Each structure stands twice: as C-alpha cells, then as structure tokens.
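Number of protein chains: 2
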Amino acid sequence: MLHLVGLGLADETDITVRGLEIVKRAERVYLEAYTAILLVDKAKLEEFYGRPVIEADRELVETGSDDILAGADKSDIVFLVVGDPFGATTHTDLVLRARELGIQSNVVPNASIMSGIGCTGLQLYNFGQTVSMVFFMDNWKPSSYYDRVRENVQIGLHTLVLLDIKVKEQSIENMARGRRIYEPPRYMTVAQCAQQMLETEEERKEGVFGPDSLAVGAARVGAANQKLVSGTLQELTTVEMGEPLHSLVLLGRRTHDLERDYIREYAVNKDTFDASYAKAYGASL
Amino acid sequence: MLHLVGLGLADETDITVRGLEIVKRAERVYLEAYTAILLVDKAKLEEFYGRPVIEADRELVETGSDDILAGADKSDIVFLVVGDPFGATTHTDLVLRARELGIQSNVVPNASIMSGIGCTGLQLYNFGQTVSMVFFMDNWKPSSYYDRVRENVQIGLHTLVLLDIKVKEQSIENMARGRRIYEPPRYMTVAQCAQQMLETEEERKEGVFGPDSLAVGAARVGAANQKLVSGTLQELTTVEMGEPLHSLVLLGRRTHDLERDYIREYAVNKDTFDASYAKAYGASL
Numbered sequence: 001m002l003h004l005v006g007l008g009l010a011d012e013t014d015i016t017v018r019g020l021e022i023v024k025r026a027e028r029v030y031l032e033a034y035t036a037i038l039l040v041d042k043a044k045l046e047e048f049y050g051r052p053v054i055e056a057d058r059e060l061v062e063t064g065s066d067d068i069l070a071g072a073d074k075s076d077i078v079f080l081v082v083g084d085p086f087g088a089t090t091h092t093d094l095v096l097r098a099r100e101l102g103i104q105s106n107v108v109p110n111a112s113i114m115s116g117i118g119c120t121g122l123q124l125y126n127f128g129q130t131v132s133m134v135f136f137m138d139n140w141k142p143s144s145y146y147d148r149v150r151e152n153v154q155i156g157l158h159t160l161v162l163l164d165i166k167v168k169e170q171s172i173e174n175m176a177r178g179r180r181i182y183e184p185p186r187y188m189t190v191a192q193c194a195q196q197m198l199e200t201e202e203e204r205k206e207g208v209f210g211p212d213s214l215a216v217g218a219a220r221v222g223a224a225n226q227k228l229v230s231g232t233l234q235e236l237t238t239v240e241m242g243e244p245l246h247s248l249v250l251l252g253r254r255t256h257d258l259e260r261d262y263i264r265e266y267a268v269n270k271d272t273f274d275a276s277y278a279k280a281y282g283a284s285l
Numbered sequence: 001m002l003h004l005v006g007l008g009l010a011d012e013t014d015i016t017v018r019g020l021e022i023v024k025r026a027e028r029v030y031l032e033a034y035t036a037i038l039l040v041d042k043a044k045l046e047e048f049y050g051r052p053v054i055e056a057d058r059e060l061v062e063t064g065s066d067d068i069l070a071g072a073d074k075s076d077i078v079f080l081v082v083g084d085p086f087g088a089t090t091h092t093d094l095v096l097r098a099r100e101l102g103i104q105s106n107v108v109p110n111a112s113i114m115s116g117i118g119c120t121g122l123q124l125y126n127f128g129q130t131v132s133m134v135f136f137m138d139n140w141k142p143s144s145y146y147d148r149v150r151e152n153v154q155i156g157l158h159t160l161v162l163l164d165i166k167v168k169e170q171s172i173e174n175m176a177r178g179r180r181i182y183e184p185p186r187y188m189t190v191a192q193c194a195q196q197m198l199e200t201e202e203e204r205k206e207g208v209f210g211p212d213s214l215a216v217g218a219a220r221v222g223a224a225n226q227k228l229v230s231g232t233l234q235e236l237t238t239v240e241m242g243e244p245l246h247s248l249v250l251l252g253r254r255t256h257d258l259e260r261d262y263i264r265e266y267a268v269n270k271d272t273f274d275a276s277y278a279k280a281y282g283a284s285l
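From first to last, the protein sequence lines stand for chains A and B. The first sequence maps to residues 1 to 285 in the UniProt record's numbering. The second sequence maps to residues 1 to 285 in the UniProt record's numbering.
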C-alpha cells in the first residue's frame with residue numbers, strides 16, 4: 001500500500017501518532033522535499049523515526065514515480081509530505097499512478113497552511129481562493145494571481161498568498177551544460193511578496209490593492225517561534241520575519257470586528273493600521 | 001499556559017506526537033464537544049491518554065471560560081478541539097479571554113475538514129469561501145448561505161458546505177420548563193443537505209444551482225472507512241453515506257480535467273455525471 005503521510009507544519013513531533021506508526025513499520029520512506037519544508041532537516045526526522053528517509057526531489061516524483069511505488073502492492077511504502085498530503089500541493093498524480101498499477105492508497109491527514117493560517121485570528125470562512133506568488137525575474141513577472149485576488153477583493157474576502165520556494169534549482173548556464181550543480185535554496189519572504197504585489201499593481205493599475213491595503217504576514221506557522229505581523233502592504237515591504245516559511249494574507253473588506261481586534265494586536269504600527277482600516281474595511285462596508 | 005490542541009478528524013491516533021506529550025503532562029484536559037465530533041468517544045480518548053478528560057459543552061465554553069482557565073497562569077491546561085483549533089470553528093474567544101487574564105496560549109495545529117476535503121481530489125486552490133448548512137425547521141429555513149454560494153458560483157469555484165450537528169439540544173418545551181433533558185444528537189447527512197439546497201433554490205429561483213448541478217458527498221474524511229460519492233444534487237438527495245460526519249462540495253465551473261477524472265471515479269452514475277459535466281463544467285468555460 002502507498003501511504004501519503006502528512007507531517008504538519010513545524011517539526012518532527014508534528015506527525016500524528018497514526019502516521020508515526022505507519023512510518024515505523026514501512027518498507028521504504030520517502031520525503032517530498034521540493035514544494036515545502038519542515039523547520040527541521042532530514043537527519044532530525046531519521047533520528048526521530050529510527051530509520052532512513054529517502055529524499056524525493058521533483059525529478060524523482062514526476063518521472064520516477066514507478067520507482068517510488070515499486071513493491072507497494074506487497075509492502076507498505078510511505079511518502080511523507082510537509083503539511084497535508086492534499087493541501088497546497090496535491091499529490092493526486094501519485095495516487096492516480098498507484099491506482100493504475102492496482103496499488104491501494106491510504107492518506108494520513110495533517111495540518112496544512114491552508115487551515116493553519118487560522119492562527120492569524122482571521123476566520124477561515126472569510127477566505128476566498130488561495131493564490132501562489134512566484135519569484136519575479138527581470139523579464140518574467142506573471143500577474144495572473146492578480147486576477148484571482150481581484151475576484152476575492154470584489155466579494156470582500158481575505159486572500160491567502162502562498163510564497164514560492166526554490167529548492168535544487170539549476171542556473172540557466174548549468175542547465176544548458178547539463179551540469180548537476182544546484183543553486184542555494186531560496187524562500188520568498190513576506191517583504192518580497194508585498195514588494196512584488198505593489199509592482200504588479202503599478203503595472204496593472206486596476207486598483208485591486210495598493211500601498212495602504214492591509215495584510216498579515218505569517219512566518220513559521222505552528223512553530224514555537226511563529227511570528228505574525230499586520231500592517232499596510234507598504235509597511236510589510238520592509239518587515240523582517242526571520243527564517244522561512246512565510247505566507248501573506250491580504251485582508252478582505254468584510255473583516256469582522258473580532259478579526260480586526262485580533263490582528264490589530266500585532267500591528268507594525270497601530271495608528272497606520274487604524275487609519276487604513278477606517279478607510280476601507282469593516283463588515284458593514 | 002492554555003494549550004489548544006487539535007485532534008484531527010477521525011480517531012484517537014490522529015493527535016500529533018507533540019499534542020499527545022502536552023496532554024499527558026497537563027493539569028486538566030477539556031474536550032470541546034459541541035461543534036464537531038471524533039469518530040470515537042471520550043472513553044477511548046481517556047484510555048489512550050491514560051487520564052481523565054472533561055467534556056466541555058457550549059455552556060461551559062461560552063459562560064464558564066474562567067473555570068476552564070483557572071490556574072492556567074501556573075500550570076498547563078489543555079483544550080482539545082476536533083480538527084484544528086482555528087479551523088471551521090474558531091476558538092479565538094477563549095484565546096482572547098486568556099490574553100485578558102495574562103495567560104499565554106499555545107496552539108497545536110492538526111488536520112481540519114477545510115484542508116482534509118482535498119481527499120476528494122478537488123484542488124484546495126479552486127475553493128471559494130466555505131459555508132455552513134443548518135437544519136431547516138418548518139418555519140425557519142435560512143438561505144443566507146445561498147448568497148455566498150452564488151459568489152463562488154459566479155467565479156466558477158467549488159464550495160465546501162459544512163453540515164450542522166445538534167448535540168445536547170433541548171426541546172422548546174424542556175427549555176421553557178428549565179428541564180435539563182437533551183434530545184438525542186443529530187448529524188446532518190449529505191442527502192439532507194442536498195435536499196435543503198434544492199429547497200432553497202425552489203424558493204429563491206435565482207439559478208445558483210439546480211437538480212443537475214454536480215456535487216461531491218464526503219463522509220468520515222480521514223478515517224479508514226471514509227466514503228466519497230459524486231453525482232448531481234438530485235442523485236445525492238437519496239445517497240446513503242453511513243455514519244457522521246458528512247460534508248458536501250458543490251462543484252465549480254472551473255473544474256480542471258484532473259479533478260474531473262478523479263471525482264468521476266466515484267460517481268453514483270457515470271452517465272449522468274458525464275451528461276451534467278458536459279453541460280456546465282470544465283476549465284475552459
């Protein structure tokens with residue numbers, strides 16, 4: 001059987017008791033290591049589980065899924081996923097491939113950033129669709145996310161923005177020369193995300209959001225050193241949130257008073273928060 | 001310290017290793033028992049934890065929160081929540097009360113139905129706002145949810161519908177006479193939800209959805225006997241999903257081919273599924 005086991009958000013102890021039991025008795029254990037990261041490294045997981053863990057990069061999962069699934073008809077193979085197996089990044093492709101091979105799948109759910117973001121004090125009921133923000137390059141600044149944010153903004157809902165990570169990326173030169181040399185990992189920060197959002201608005205000029213729009217920056221959700229900051233997008237462009245992973249929530253107009261009170265507590269600046277809030281937010285608007 | 005510990009979705013083994021450690025060493029352990037249920041009872045939890053668990057009903061949480069928090073400035077008090085502490089039902093009020101009393105809070109995240117619903121094969125990115133469906137009564141059939149579903153439908157997004165549960169409810173007569181006699185618990189089924197949705201559409205006649213609209217019924221998400229069914233709302237009015245808890249997802253027009261393939265596998269009737277799908281769904285529409 002193929003077991004997709006969610007690891008949760010922070011460290012090795014965020015696995016569920018059920019998940020841990022399966023990991024301990026499985027034949028092989030893979031760790032999906034290219035769309036999200038835990039705040040501890042693989043060695044820490046191996047020590048905690050008392051067994052080796054095989055790192056699965058994008059290449060292995062996308063082109064070598066049959067290697068992962070080898071023998072799963074007779075024994076238990078575990079595929080560990082940071083967060084929830086069907087959370088932000090879905091692994092339906094692996095399940096579908098297993099199904100084709102006649103291999104059963106079992107999913108062990110866990111916390112995902114898509115529910116964990118409730119730690120901000122914003123109600124999950126008030127979120128619209130989630131969007132992703134990729135690292136802009138000089139000649140490639142995709143703004144399709146902007147259209148989806150607009151849909152949420154028009155209804156008055158919050159938008160969770162998930163931030164890009166680059167792990168095991170090759171430079172164009174190394175890729176062209178077929179050299180397996182990888183760039184250091186990069187994790188987008190709340191400040192970079194806010195900056196890019198304002199860049200898109202500058203370019204599109206459709207007024208979906210602006211420097212005074214309120215947002216929440218969240219770092220290391222679910223960890224002991226979790227950090228939350230609220231402020232205007234302009235303020236967030238210079239905020240220092242520390243280690244990855246970061247996420248951002250653009251506040252919707254329909255914000256409830258209870259939500260406002262909760263996020264105001266961790267505002268960068270309560271005066272600018274109140275001023276921006278009074279202009280454009282509140283359930284009655 | 002006040003610890004809000006998520007229990008996940010199915011049984012006693014869905015708690016995280018970190019959560020279990022806190023439960024074992026805490027001074028008192030409460031279980032929030034009125035907005036969601038695990039698929040095992042309190043005795044099973046107590047046996048698994050090796051300690052007593054105090055059931056916290058709505059009354060205790062809403063009016064007796066200071067009793068729950070008593071001593072939390074000096075020792076560890078745990079408040080167990082089915083799913084994630086900040087999931088579908090938020091407990092920000094308890095955290096805010098603790099903050100007023102100068103008591104620190106710690107949250108241990110876990111799987112929530114709001115991310116666990118990814119098990120349907122539908123991408124969480126394609127969901128709009130979540131709505132709740134309450135039990136209709138003869139003279140009370142609230143349809144405010146219908147307006148929110150319309151917002152999602154207009155954009156083409158899926159809608160997760162969370163279904164009402166009634167635990168420790170009094171009959172009007174018993175309430176009037178001040179008798180603490182409670183009705184047996186009731187859990188809304190997928191069939192009841194689909195029926196009520198069609199009733200609302202009959203009444204409002206705004207064409208937000210209809211008997212041919214496609215939806216997914218999900219029962220016991222995350223459990224070994226999890227059950228998924230897809231079909232038209234009309235078909236789902238007679239579907240038998242078994243034990244609680246149930247949820248429903250109304251399919252959005254923007255469904256991706258991969259999502260369609262995944263949910264078609266568990267269609268009540270593949271022919272009616274294909275016919276309905278061809279009429280109104282698909283990413284290109």
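These are calculated hints, taken from the structure and not from any lab test. Remember, it's a predicted structure, so these values are computed and weren't measured experimentally. Ideal Cβ positions, reconstructed from N, Cα and C, are used throughout, including at glycine. Take the hints with a grain of salt, since some may be wrong.
To be verified - One-sided and incomplete, this derived list gives chain B residues near chain A with beta-carbon spacing under 8 Å:
{"id": "1", "residue": "A70"}
{"id": "2", "residue": "D84"}
{"id": "3", "residue": "G222"}
Unchecked claim - Simulated restraints, written as ranges between beta carbons of each label pair:
{"id": "4", "chain 1": "B", "residue 1": "P184", "chain 2": "A", "residue 2": "K44", "range": "29 to 37 Å"}
{"id": "5", "chain 1": "B", "residue 1": "G50", "chain 2": "A", "residue 2": "G50", "range": "37 to 45 Å"}
{"id": "6", "chain 1": "B", "residue 1": "E206", "chain 2": "A", "residue 2": "W140", "range": "26 to 34 Å"}
Hints, verified against the model:
1. A70: violated, 23 Å
2. D84: holds, 5 Å
3. G222: holds, 5 Å
4. B:P184 / A:K44: 29 to 37 Å: Hint violated: Cβ distance 48 Å, outside 29 to 37 Å.
5. B:G50 / A:G50: 37 to 45 Å: violated, 23 Å
6. B:E206 / A:W140: 26 to 34 Å: Given range 26 to 34 Å: violated, Cβ gap about 42 Å.
The structure shown violates the earlier hints numbered 1, 4, 5, 6.
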